[in-house]
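Whenever a hint applies, use it, and build me the whole structure from the sequences.
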Amino acid sequence: MQHLGYGVLAYDVAHLLGGAALVASFVLLYQRRIPALINTYAAQGIILAAAAAWQGHVQHAAHLYVTAALTLFAKGAIIPVLLHRIVRALDIRRTIETALGVFPSMVLGVVLVALAIEVVLPTTLGAATLAREDLAFALSVVLLGLLMMITRRTAITQVIGFLSMENGLILAAVGVAGMPLVVEISGAFLVLAIFFVFGVFVFRIRERFDSLDVSHLDRVGEAPR
Amino acid sequence: MSTALGFVAFVLHTALMLAAAPVAAGLVRWLKGRLLGRAGPPPWQPWLEIVRLSRKQPVFAENASFVFRWAPGVVFAATLAAAALVPSFALHMTTAPIADLIVLAGLLSLGRAALALAAMDVGTAFGGIGASREMTFAAYAEPALVLVLTIFTFALLASTTNLDALAAQLHDFAFGLRVSLGLALLSLLGVALADSGRLPVDNPASHLELAMVHEAMVLEYSGPPLALLELSACLRLLLWMTLIGTLFAPFGLGPADAGPAGWLAGLLGWAFRVVVLSAALALLESTLAKMRVFRVPEFLGVAVLLALLAVVFLFVSQGFA
Amino acid sequence: MSAVLLLILACVVAALAALGLCAAVLPRRIALLHAVAAGLCGAGAAITLAGTPGASVALPVGLPGMAIHLALDPLSRPFLVLVFGASAAALTAATDVHGPEDVRAAPFLPVFVACMAFALLAADAFGLLLGFEAMSVASWALVLARHADAEARDAAALYLGMAAFSAACLVIAVAMLAMPSPDLTFASMRQHPPDGAWAAGVLGLATLGAGAKAGLFPLHVWLPRAHPVAPAPASALMSGAMTKVALYVLARILFDLCGDATPVWWGVPLVVLGAASATIGVLRAVLEDDLKAALACSTVENVGLIAIGFGLALAARGADLAPLAALALGAALLHVLAHGTFKTLLFLGAGAADHAAGTRLLSRLGGLVHHMPVTTGCMIAGCAALAALPPSSGFASEWMLLQSALAAPRIGGLALQTLFACAAALIALAAALAATACVRIIGVGFLGRPRVPRTAGAQEPALPVRAALIALSVLTAFIGLFPGLVLRLIDPALRHLVGGGIAATSLFIATSHDSPGYAPLAIGVLLAAGAALPLLVLRRRRMQERDAPAWACGFAASPPWLPFGDPATQYGAASFAQPVRRTLGTLMLATEQSTPADPGSPVPARLVAGFTDPAEPLLFVPVGRVRLRLSSAFDRLQFLTVRRTLSLMFAVLLLFLTAIAVLEAL
Amino acid sequence: MIHDLATTAGAAILLPLFAALVLGLVPSWRVGAIVNAVAATLTFAVVAFLPASIGQTGPLLLVDRLAVHLSLLTAFVAMTASWFSTAYVRVEVSQRRLNKARLRQYHAMFQLFCGALLAVLLSNNLGITWVAIEAATIAAALVIGLPRTAHAVEASWKFFVLCGAGIALALFGTTVLYLAALPALGPGLKAMSWTGLRQAAPTCDGAVLNLAFVFLLLGYGTKAALAPLHAWMPDAHAEGPTPMSAILSGSVLNVALFVILRLRGVMKANHAAIDPAFPLVALGLLSVLLAAFSLWPRRDVKRFFSYSSVEHAGVAAFAFGIGGPAATFAGLLHMTVHTLTKSATFQCVGRAAQMKGGQRFADITGLMSNHRALGLSLAACVIALAGLPPFGLFSSEFLVALAAVRASPWLAAVLLAGLVIAAWVQIARLQSLCLGPATADPGPVPPHAALVPVWLHLALVLALGLAMPGAVFAWFTSIAQATP
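Chains as they are written, first to last, in numbering that gives the first Met the number 0: chain U, 0 to 224; chain L, 0 to 320; chain F, 0 to 665; chain Z, 0 to 483.
No wet-lab data here; the hints were simulated from the structure.
Hints are not guaranteed to be accurate.
Quick list of simulated restraints, FRET-style, between CB atoms [said to hold, decoys possible]:
(1) L:Phe250 with F:Thr504: 27 to 37 Å
(2) F:Ala199 with Z:Gly469: 31 to 41 Å
(3) Z:Ala439 with F:Ala57: 46 to 56 Å
(4) F:Leu484 with L:Val274: 40 to 50 Å
Here are a few chain F residues that face chain L, going by a calculated C-beta distance under 7 Å [claimed, not checked]:
(5) Leu388
(6) Thr417
(7) Gly442
(8) Ala521
(9) Leu525
(10) Pro533
(11) Leu537
(12) Pro548
(13) Ala549
(14) Gln569
(15) Val579
Where a beta carbon is used, it is the ideal one built from N, C-alpha and C, also for glycine.
Given below as structure tokens:
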């Protein structure tokens, strides 16, 4: 692996794409309406596909191209379309009900990114710089995804928070050189499974309660059992 | 030789205690009468009552069981055994090795428990009152007795609770007058008054049901059993007088094998002590009135505290001496 | 004990357990099975008496990779004789099966005896605790014999909960002892006695654990609630034998496994707790209305006295006064045997009265002496021992205990001397109050007039029960009159544990070899002579007795609808205890609410007098409240919404990450 | 890589997965139930042959004593659960609580779940371990959501979101672990295998290992239901069908603890990395205390026993945290004995709940009065769970206490305090379940034959606790020595 640093094209582009994925996560936190949220998620999927493809080019690993294609196809296209159709079919309330306000969650997001960088960079001094950068971005995207699941009440936003966390994981897996293909299959397998399950859930939840609001589920939990 | 003399002394001692008990009680009653300006019944009046009762036909309540019939025997046996253990005019009698103060206390409580059970047997309210109060007051007297014992075992070199050994050691004035011994005497006097049922704890002369403790228990008895119980009561009083006299003023007491001459000196000393104590008791009873029932625990509580004070005082002084 | 005899003992234990299972399978043959079990126990007692302690046997059963070792050493021999003897009597009484409750309890009684014997025979830590805990589970099943009423279930839950607590303390204590040694056998644990803070920890845990099981104050609250509920033979063994096994564990740990270089202050906690147990136990025994609860409270008192004996022995051994230590430990062990016998007798008698009169409450019993003379006679014998009246067995051990308490101030130190003097005073108070309790139990429960028509119909129990009662009374009288012989059984234990024997011949016990002591037989002869004297004198004028209605100071005859007389005119359980409650009641938090009837109103005036055991408001209620508050705090976790649960996980993640970051920065 | 799957270990994994496919296609639920039971029994038969191929290590599969032991345990519990499931399903359908269409999905997911668990136990590759755990989570989520009641849906949603987030963190941890092993072993499968990691552990960078350990502990800790991450467990148990609870509480916790044990091996080999003892002991104790106190207010029987599983998982984690052959031996024995007892308990509870038509403590009382066999079995199970003799949990908790005291008596004190509090409430609830006045029995009374698996389990627990044969003791000791 030749020396990677500023000024080397491979490093700069990877760094750019990682940063773009992180920005996409922040934009997800910023959204107040569900359709925009889904589109932002689609954008993040596309950025992730680009990053995967670029890593494939840098590491001369053919399987990463396959991953890029899978990600682009699944997260860039199928999932957003299905989500849009569900939102229209079940005419869900468009606005997102937040547990923690948008601005405070953004501030918390910045703190989390700082923590991720503070944790990843000093610990991975030995590894290649490209891998360390990618890992930091990946951890940030994962933490922001988790933050999204915590600070939003509506079920759909929790689903999207979960999926953006998956994106972070794929970004991390892709960033590390030589990760065997197994990770790719699992990534794909995971995406498919999650969508299938969420679909079933959404359908069933819809069938059970009128709204997708997770808090409605919470009330069920309140009865002492 | 000494064991034979010891045994003769023991038999004489027991006979003396049996004979002198009613007379001592009569003496106290006579002295109290004289103090109150009355002629007072002669000291041997209790003997007359006991003989009269033993000739009468015993009447038992319908509800009485074997406990009621056997109790007087047990009470008399326990009190007589206790009296036999306390040396009056001679030491080292044959019962010397078993004359233990704790056994003495045990025998007294055996007699008391037997009488209380008999009182409960007939199922009348008065038996219950007497038994309940007697057992409760006894419960407060025991700790005082044991604390006094602690003084003796700790202060004496023999470190034993055997009455004979204690009396022998005290006889030689082994350790002179001590403040703790004085407190012990006061405490023991309180215990003796409570146990033998004299004023201020219980009024032996009265027949007012609510006031009496000992009398309430013997209410249902008649004929010979009653005689036995009266004799036991007198024996118990004489026993306490002899015990206090032997422990705190043992002059004149010699070993049993000193022969009849020694016994005579002991006898005189013992008689003098009994008369002095009877007079003191008569004086006390003519001045004091009976205490309310729930004041008695405080009275005995004071006795316990005095004993405890004596014990701590002894430890402190022993520690420095 | 040669290996052969030990193997036979192990077979006896196994056979008892097997009998338990058979009783479960063949409910109709219970009487026969109990009889066989009683025979086995008798044989066991005989073998234990005959054999001399020595070899040890390894069993195939045990912790993975470690076998349980059985051995009979001088300390466990007297306890085993007691357990087998008391079980033989209780099982004989249990052959009289009446009612479904006894059928339900039948399988667990022999198993309970087997577990106790196993705990005593065990020569390694795991065997001891396995037997100890199995004993608790078996007796818990016995307490649940009458599981229909909720009060029995609550008592059983509290009982097994406290047993689990005591086992937990003992597991840690034993683990601390076994830490330096290669395996768990007592032999290797003796080589490495603990010292310093570690030893103090073992002392605390052993006292807490064994104390909770034996019924030491303040962990005794379960005892007066669990014992009355069990069937009579079971509660007899629980009070008579089980509490002794707990005291055996305490003695084994403190005297044997902790080595003999223990400091003087080791005796203080046991003396303090023992004195507190004795006082609170006997006070509660005087105030309880339930006959078996009163006997259970007197067990707490006697356990307290034994604990005082252990404490004095520990202190004396710490101050290198071997004769005094031997006297104190001898007193404690003699009291173990004496109490084991007469408490079993009293509980079997109480069980007979309960079955005959259909109630355990003293306020409903009365007048049993007329139709149950044998039971009443045996109860009087038992109560005489409980009240420590000479020449009974209770008095012999009481006398030795008092002698050691009176000699204890020789150990020195003003604080210790005052403590021992107060302990001596409290022992005397406990003995005197025990006498009050006994007169109350016998006087109110068995003598006087029946307070309820049902009680008037009481009849003598069946032959086996009477046989058991008489046998136990004879045994109690024997221990009372010949304590020297019984001390010969205890002496090897004293030499083994505190390096000193007791100056005792078969007729005479003394504090030291040259000083005079207590000769129970001589006192007995003196009493007999005293009793015979009046009979001889009055023999010639034997008057014919005459029966008449009770004089009762001229009280009017009772109305026709009250054939046994008005129960109200007779001293009841509460009225007998009123002077004690009025004076010493503050110790038992006694309360009296009297609601006077205002003039003219038909409503009767009421006086409600009650008491609560001080240990409950001081210890059990606060612990229960803390547990409730913690449970509801943790319970909020159960009802978190999905989002909040996730944020909990998020918080843990951030905590760990910051920890990593901080670690890196260092 | 493919020849790895041709071995008995491969067969053990593929058999249930293949059975899952078949069950997916079988329309009638009666046939499905029988096939399910037969498949589980066959799987256990195959796993029984595993000890012969101990020591087989390939890029995909690693068969060592610990893996074989837990596979035997999981397969055995799955077998008895499947027998119980055949009867359970028949009653559920007759009482119209489960409609026939859903049962096909239930049986398929049942076998998928068992296959996934065996895959985790026998896999050598961290990626496969993660994928298998993911598959197990999805299968379990679908089965829990099966009864279609509001609570069941909420429970499966909670189960899926929490476990999903948990194993997502685990995936991140796996990536970082791979990153740590990269410099020593180079890219490719070797850096992702347990054998490779253990070999490269001393030379890896300690800080990266720490980072990986944090994520993996949190990820697999969620699946092991360690204290703050246990919230999914009680709901999953209370709402899902009981045979699933029997496996869920027994095997999933063991599998997660198995992975953590492997991880502990790797961490201990590297001296620069933090000692895994402290977090494991802390989480274990927190689990025991939290579960002990949460047991008291419970009104639902299955939820009550799920907290008991959290408590015993905490004890096992505590034992593994202390480390050393003695503690690991105690932890392993405790895990084994608890799994057997807990699945027996759930079988009894399942039958009782079906018979009484409700699973609250108020619905099920007085079992001993007219169902003596069921009452006695449940009583024996709960006595075993409370850690009372003569059952095996008493011996294992004794051994754990011995090891804990060696570490520090205060730890042992806290642990045993938690166990006493839990034992106290379990005894109280046992009395309310088995004794006192009996409630009505609307549902069918189970035949005595149904209780045979329960008595089989209890007999095993008794034998393991008090009379463990020499060979089995040697087996446990060798495992304890092998895992550092």
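For this session: Go through the hint on Leu537 (chain F) and say holds or violated, using the shortest Cβ distance to chain L against 7 Å.
Result: At 5 Å from the nearest chain L Cβ, Leu537 (chain F) passes the 7 Å test, so the hint holds.
Exercise. Can we keep the Ala549 (chain F) interface hint, with Cβ of chain L closer than 7 Å?
Worked result: Holds. Min distance 4 Å.
For this session: Report holds or violated for the interface hint on Pro548 (chain F), using the least CB-CB distance to chain L and a cut-off of 7 Å.
Result: 6 Å, holds
Exercise. Should the hint that Gly442 (chain F) touches chain L count as held when the rule is a Cβ pair under 7 Å?
Worked result: 3 Å, holds
For this session: Return the status of the interface hint for Gln569 (chain F): holds when the least beta-carbon distance to chain L is below 7 Å, violated otherwise.
Result: Where the cut-off is 7 Å and the nearest Cβ of chain L is about 5 Å from Gln569 (chain F), the hint holds.
Problem set entry | Interface hint status, Thr417 (chain F) versus chain L (Cβ within 7 Å) | This hint holds: Thr417 (chain F) lies near chain L, its Cβ roughly 6 Å from the closest one there, short of 7 Å.
Problem set entry | Closest C-beta approach of Val579 (chain F) to chain L relative to 7 Å, hint status | Constraint on Val579 (chain F) satisfied, holds at 5 Å.
Exercise. So does Ala199 (chain F) sit 31 to 41 Å from Gly469 (chain Z), Cβ to Cβ?
Worked result: 40 Å, holds
Exercise. Given Pro533 (chain F) as an interface hint, is the shortest Cβ-Cβ distance to chain L below 7 Å?
Worked result: Hint holds; Pro533 (chain F) Cβ to chain L Cβ min 6 Å, cut 7 Å.
Exercise. Do the numbers back the hint for Ala521 (chain F), that is, is its least Cβ distance to chain L under 7 Å?
Worked result: Holds. Min distance 5 Å.
Exercise. If you check the beta carbons of Ala439 (chain Z) and Ala57 (chain F), does the distance land in 46 to 56 Å?
Worked result: Since Ala439 (chain Z) and Ala57 (chain F) have Cβ atoms about 52 Å apart, the given range 46 to 56 Å holds.
Exercise. Does 40 to 50 Å hold as the CB distance between Leu484 (chain F) and Val274 (chain L), or does it fail?
Worked result: 47 Å Cβ-Cβ, so the 40 to 50 Å window holds.
Of the numbered hints stated above, none is contradicted by the structure.
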